[in-house]
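Peer 1: Given chain A, put chain B in place with the hints provided.
Chain residues, written in single-letter form:
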Amino acid sequence: MSTRIFGSGIKRREDPRLITGEARYTDDIKLPGVLHMAVVRSPYAHANIVSIDSSAAEAMDGVVAVYTSEDIGDGLAGLPTAWLIPDSDLKTPEHPALAKGKARYVGDGVAIVLADDRYRAQDAADAVVVDYEELPAVIDPEEAAGEGAPLIHDDVEGNIAFRWVMGDREASDAVFDAADVVVSERILQQRLLPTAMETRAAMAQYNPATQELTLWCTSQNPHIHRFIISAVTGLNENKVRVIAPEVGGGFGSKIPCYPDEALVSWASMKLGVPVKWTETRSENYLITIHGRDHVQHVEMAAANDGTLLGVRATVYAGMGGYLSTAAPGIPTILHGLLYVGPYTMDSVFCESIGVMTNGTPTDAYRGAGRPEATFLLERMVDNVAREIGMDPVEVRRKNLIPAFEDGYEVATTLIYDSGDYPAAFEKALDMAGYGDFRAQQNSAAAEGRYLGIGVTTYTEMCGLGPSQVAGAVGFQGGLWESATVRVTPTGKVQALIGASPHGQGSETTLAQIISEELGFPVDDIEVIHGDTTETPMGWGTYGSRTTPVTGAALAQASRKLKEKARVLAGHLMEANVDDIEYADGSFSVKGSPDQAQSIQDVALMAHLAWNMPEGMDPGFEESQFYDPPNFVYPFGTHIAVVEVDAETGEIELQRYIAVDDCGPQINPEIVAGQIHGGVVQGVAQALCEGAIYSDDGQLLTGSMMDYCMPKADMFPNFELGETVTPSPHHPVGVKGVGETGTIASTPTVYNAVLDALAPLGVKQIDMPLTAAKVWSAIQDANGQEKPKRLGDLLNE
Amino acid sequence: MQVAITVNGVVHERDVDPRTLLVHFLREDLDMTGTKIGCDTSQCGACTVHLNGKVLKSCTLLAVQADGAEVTTIEGLAENGEHHPMQTAFWENHGLQCGYCTPGMIMASAAFARDNPGASESDIRHYLEGNICRCTGYHNIVKAVKQVADAAAGS
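Order-wise, the sequence lines are chains A and B. So for the first sequence, my numbering puts the first residue at 47; every next one is plus one. So for the second sequence, my numbering puts the first residue at 123; every next one is plus one.
Hints were generated in silico from the structure; no laboratory data involved. Heads up, some of the hints might be wrong.
Restraint ranges, calculated between C-beta atoms of paired labels, are given here [what the hints assert, rightly or not]:
1. Pro-78(A) to Ser-164(B): 43 to 49 Å
2. Arg-432(A) to Asp-237(B): 47 to 53 Å
3. Asp-189(B) to Gln-744(A): 47 to 53 Å
4. Gln-744(A) to Ser-164(B): 21 to 27 Å
5. Glu-214(B) to Gly-53(A): 14 to 20 Å
6. Thr-128(B) to Thr-256(A): 40 to 46 Å
7. Pro-762(A) to Asn-238(B): 18 to 24 Å
8. Asp-237(B) to Glu-433(A): 52 to 58 Å
9. Glu-214(B) to Pro-762(A): 21 to 27 Å
Covered stretches of chain B, as calculated for chain A (at least 3 residues, CB under 8 Å) [as the list claims (entries may be wrong)]:
10. 154-160
11. 184-197
All of these numbers come straight from a predicted model, not from anything done at the bench. Note that CB positions come from ideal geometry on N, CA and C, so glycine has one too.
If we strip away everything but chain A, and leave its shape as in the complex, we get (with noise of 0.2 Å):
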């Protein structure tokens, strides 16, 4: 082999049926006699419902049923709620998958309409004459939590879902109160918007012969949907098949087991013909989860040195109307844990309140608890630095935690498993030009220009994780991953993963690992995927583990496959199996090179079976289940130049450096794309996006043409750069890097922009930073008064 396979950034596998409009979506699959479901929302955000009057919508051209919760009885469970964090007094109401006499945020399901078109169906719904008692809402998760807030489930008092306590009080307390200097913010991580591009969609096929569902659904894990929609229509686990054909994106958002899904699934059990449906962008904002939604208090101790002493946090973290499935890991597991960060600092603390309110559920976004702990650290760090007057990247230099190959444990209990911060910190400051940039700064702001650079060092926690730990911290169900390496007679390789990647490009870097460990040329390997029958039990795609829990378990099946080829190799060159070399896919016996067998002449023979080694089966096939021994720590530098007019508060993007270390780059290409994209959704929540609520509950971002997705005008080239540092326990040194660009963007962005608006006197402004609370923050930092805006005369 010419070039090692390993490292190449080839094109994707994947691309020639998405390039050409072939690839199958949900919704691009039909099926003959389908009826489409239209969903009868709540337009409140709390409301109880008086009364639901069909009659109008049933008597319509193509209706064939209008079904209420009472219609479903106890046909369908509620939706259960999969992360039930320990000594956390966790509450978990009741989800049922249509309101049950009260609705809980706008867009809460009230009744299903099933009619032949979807435009007809969508017509009845409109027809359905719902009467409801409006309630006080409440959307603000620490003004829900506060007295007086509206109480939204009965049973979970003061709407306090869950209160999570890490580390000692106390003795954060002492480390607070004998520090030199302590800063402290009000940070507020608005609620996102996922935003996959392909919305959601869900089909439903019952066969009343066999008893068996096939769900076509958007699933990032196709076996939790199984495992979810048996629970709750009451089928057997082995008579329910997900299949996640193409799917669109998630970024967390198709994680979770949604209402709708239940929804077309008994619905087709009931009236025994296929039913499909398929969410509009408009649904999309109202009813998909929603990310972030923190109001954090956090403070940071630290010696007039610059020593980092320790940080705490009070987080109200917004839960919506109901648990979404992994919800309440979210801000806790995910987000306190990482608290230390890159940083030599001890001292922790973290209490993490979640909140029911009366927004659209909160899940697993996109980096997920760890954007949120990463953007407190940063800024923290960034105020020490201005309050005891050192420049930022001094701080940071002083506490990174210096190269470690294997393990090294932080106070929030966890063990990093290899990292050179250092590295990569030097690495971007030079790549950014850091030493000439104050200068730069300082002619500029000569000029009436503001400069501002932001500097993110990073750790995060993915590849998740050890199923003990998942255990242990209330998952409910196990974090490894199973893969098959399948070989034909003819030598072509099916590998069969239980995890679903949705765009993530796994279905040629996986091809390139098994590539790489035996010789198949990659264009002779098919990743198969996101089919509960056809692939093995896999717990799905998030959390950046693809490539390094199922990569890893198909390393390990590959290496099985060469050991029996290498004894069997052996056995038909009649030499003795310590002899047998490997190298390019061909065995030889050592000395005499011309007796060789191909990798593929050994598939053949071991199917065959004609001449087989005692003891040894046939076929050429192996498994593995692997459960990952230690999560995977990827690291680096951000840093962003940016520009703000101070005349009109906006802010131009005009340099993104991102170093980052991943381990081993099984595709750069594939890599670098990762990075684009988290990166830009991160800058976007410091720059532009977030989801805003009316004070009744309204969501007033309720589409694209409210809330604000980055375009491609927003952003410059990318500059990337890498170290390399591989994760000690990973068969082949991988670490995940799906949300690394996301977690270090945010602080990156923010910093830089609070730095060039320092010598205006701003010192916060809540996310997002548009450029009119940009510019007001820095008319009110020059004490004058503004003009009045239409908005604010209004409200007056």
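Peer 2: Leaving out everything else, chain B in the frame of chain A:
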């Protein structure tokens, strides 16, 4: 209402509900599902097709308004079994991830590069405002479009 719409060179005559959107006509009546729907407010561009050679978001037009027109969709972009240069450029430059915005992105970009040979990166970024991608961060999409626009200019 009766319509006759030429899609990728083939005339399709159908009786459609007058309120049928062109994108639904393509996807539901003709089962040509390469054209996607990503929003309901004409922001995302996933449904972009060419109508009589011009770029159009097919969710903004009723099928009856396209009566007699020639429509090209992503399924009809390749010629003689060869990918269109923009399809090739997206593949070569890793200009896609989940692939959902890709058909619209490629249709919009193909017309742009044809009409704007040698377009600058900044022109491309401004032009792409009408097409939203959540995965790629646009970086490699811009590279792909630039590759074709440069080739069109003979540079």
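Peer 1: Decide, hint by hint, whether the structure agrees.
Peer 2: Hint check:
A C-beta distance of roughly 32 Å is found between Pro-78(A) and Ser-164(B), which places it outside the suggested range of 43 to 49 Å. Roughly 50 Å separates the CB atoms of Arg-432(A) and Asp-237(B), a value that falls within the hinted 47 to 53 Å. The hinted window of 47 to 53 Å between Asp-189(B) and Gln-744(A) is violated, with their beta carbons roughly 39 Å apart. The hinted window of 21 to 27 Å between Gln-744(A) and Ser-164(B) holds, with their beta carbons roughly 22 Å apart.
Between Glu-214(B) and Gly-53(A) the C-beta distance comes to about 18 Å, which sits within the given range of 14 to 20 Å. Taken as a hint, the range 40 to 46 Å holds for the pair Thr-128(B) and Thr-256(A), whose Cβ atoms sit roughly 44 Å apart. Taken as a hint, the range 18 to 24 Å holds for the pair Pro-762(A) and Asn-238(B), whose Cβ atoms sit roughly 21 Å apart. The hinted range of 52 to 58 Å is satisfied by Asp-237(B) and Glu-433(A), whose Cβ atoms lie roughly 55 Å apart.
Glu-214(B) and Pro-762(A) have their C-beta atoms about 22 Å apart, which keeps the hinted 21 to 27 Å range intact. With 7 residues having a Cβ less than 8 Å from any Cβ of chain A, the stretch 154-160 of chain B passes the three-residue criterion, so the hint holds. Residue count for the stretch 184-197 of chain B with a Cβ under 8 Å from a Cβ of chain A: 3. That meets the three needed, and the coverage hint holds.
In summary, the numbered hints that this structure violates are 1 and 3.
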